[in-house]
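Residues per chain, in single letters:
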Amino acid sequence: MSETPVKIVVDLSQPKGQRESIIPLTAEEIAERDAMAAQAAQDEADRQAEADALQALKDSAKAKLIAGDPLTAEEADTLVI
Amino acid sequence: MAMQLVETIEVGSGGATSIEFTSIPQDGVDLLLVASLRSARASLVDDAQLKFNNVGSGDPYEDVELRGNGSSVASNTNAGNWFRFAGINGATSTTDTFSSHKLYISNYTSTSIKACSYDVVSENNATTAYQYLRAVSANVTAAITSIQLDESSVFQEHSTVSLYKIY
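So the protein lines, in turn, are chains A and B. Each step along the first sequence adds one to the number in the numbering used here, with nothing skipped, and position 64 is 64. If you want the numbering used here, it's the position in the second sequence, counting the first as 1, plus 1000.
Rather than coming from a laboratory, the hints here were simulated on the basis of the structure. Using N, Cα and C, we set each Cβ at its ideal position, and we do this for glycine too. The reader is advised that the hints may include incorrect statements.
Interface residues of chain B toward chain A, partial, derived using beta-carbon atoms under 7 Å [what the hints assert, rightly or not]:
hint	residue
1	Ser1072
2	Val1073
3	Asp1096
4	Ser1152
When you get a sec, could you build the whole thing from the sequences and use the hints?
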């Protein structure tokens, strides 16, 4: 990977073959990227939490089925296709 | 209606954090952005941020989302200062796989709020792979002259983005 982050700017007013510029990011753009990275980390955490919650419901439903206990509606939803 | 390729960009060996189309021709009816992407972020999937005309304040981008992850489905609504270009293959997805994205922008030269549809399928040779389908409302009332796609990590080499004009 490049040491300095770069962006690709495509100026469609130019003739084909002369449109693409590769430009190093400014300090302000790099700071904006840092904020984006924090948001991306939060999004990833949200996705993981959703997957974990679903797995917990499935595990609980399985345990209750084996034990012959009634399932909650939420647990049953994980089994019905 | 006919479709014409305006430009295709392939990311080179150093990667890139952002891809921006400027001076978009105003002689079309709709636009279609097609992307094949992989990010360097150490996760299964990653999100980039998309803006029209660099409009990025006042929560102008709203959408309703349907999504799946290989074992369940869900839905929700989003609003923000950018459109979340979700489902990009991250660095922990199967090596050399790329996610497939399509963003259709209706009536892009109008002075009305822009209606768009977005769909993506991420690639991963395992149970978990993400899919998103979104109906988007972008409160950008000028004709769209630029599209900016920003990645907080890096778009990896061989990622491609193509812009088509429908006329």
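Against the structure, the hints come out as follows:
1. Ser1072: At about 5 Å, which falls below the 7 Å cut-off, the nearest Cβ of chain A leaves the hint on serine 1072/B intact, so it holds.
2. Val1073: Not OK, violated: valine 1073/B not within 7 Å of chain A, min 10 Å.
3. Asp1096: violated, 16 Å
4. Ser1152: For serine 1152/B, the interface hint holds, since the closest Cβ of chain A sits about 3 Å away, which is under 7 Å.
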